[in-house]
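Asker: For what it's worth, UniProt numbering labels the leading residue of the sequence shown as 1, then goes sequentially.
The set of hints was computed from the structure by calculation and includes no laboratory data.
Just so you know, not all the hints are guaranteed correct.
Label-pair ranges, simulated between beta-carbon atoms [unchecked claim]:
no., residue 1, residue 2, range
1, 91, 50, 16 to 22 Å
2, 76, 36, 47 to 53 Å
3, 54, 102, 25 to 31 Å
4, 121, 82, 45 to 51 Å
5, 121, 54, 47 to 53 Å
6, 73, 34, 22 to 28 Å
7, 100, 79, 42 to 48 Å
Remember, it's a predicted structure, so these values are computed and weren't measured experimentally.
Beta carbons are placed, not taken as given, at the ideal position from N, Cα and C, and that holds for glycine.
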Amino acid sequence: MLMRTDPFRELDRLTERLWGTSAHPAAMPMDAYREGDTFVVQLDLPGVTPESIDLDVERNVLTVRAERRTAPGGDVEMVVAERPAGTFSRRLFLGEALDTDRIRASYDAGVLALRIPVAEQAKPRRIEISGGGGAGDRRLISG
Numbered sequence: 001m002l003m004r005t006d007p008f009r010e011l012d013r014l015t016e017r018l019w020g021t022s023a024h025p026a027a028m029p030m031d032a033y034r035e036g037d038t039f040v041v042q043l044d045l046p047g048v049t050p051e052s053i054d055l056d057v058e059r060n061v062l063t064v065r066a067e068r069r070t071a072p073g074g075d076v077e078m079v080v081a082e083r084p085a086g087t088f089s090r091r092l093f094l095g096e097a098l099d100t101d102r103i104r105a106s107y108d109a110g111v112l113a114l115r116i117p118v119a120e121q122a123k124p125r126r127i128e129i130s131g132g133g134g135a136g137d138r139r140l141i142s143g
């Protein structure tokens, strides 16, 4: 059986194992749900300071970046280092139905919560229809 090997990819894997680093930002666990006229996103970012969180919206793409610092420097010898450190990144593709100009963000107990209102044009609305015969022919239709 023939196998293709990429020596550079293998070198990256060995380096990651040895130093515990990754060339790619780690993803953050997320929950998302709709609550009435608001879309809610919750991202787990334990051990991250609010100052290290960066939120950007461009063309209905929300990018969340955060950084968790490594263990304290100086004369410290790590015995076990299992918690990921470095840059975390997540991109969310938001549809046209959300009002990205009114996003609210809060951070509490290691959870970043984003509240994104549903855009007015995406909400169901009632449309009045008038008939051609007269004023008595009007009726409302839910849309």
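Asker: Indicate, hint by hint, whether the structure satisfies it.
Answerer: Results of checking the hints against the structure:
1. Taking the beta carbon of each, residue 91 and residue 50 are about 20 Å apart, inside 16 to 22 Å as hinted.
2. The supplied range of 47 to 53 Å is met by residue 76 and residue 36, whose beta-carbon atoms lie about 48 Å from each other.
3. Separated by about 19 Å at the C-beta atoms, residue 54 and residue 102 break the suggested range of 25 to 31 Å.
4. At about 47 Å, the CB distance of residue 121 to residue 82 agrees with the hint of 45 to 51 Å.
5. Checked against the hint of 47 to 53 Å, the pair residue 121 and residue 54 fails, with Cβ atoms roughly 29 Å apart.
6. With their beta carbons about 44 Å apart, residue 73 and residue 34 fall outside the hinted range of 22 to 28 Å.
7. For the pair residue 100 and residue 79, the beta carbons lie near 45 Å from each other, so the given range of 42 to 48 Å is met.
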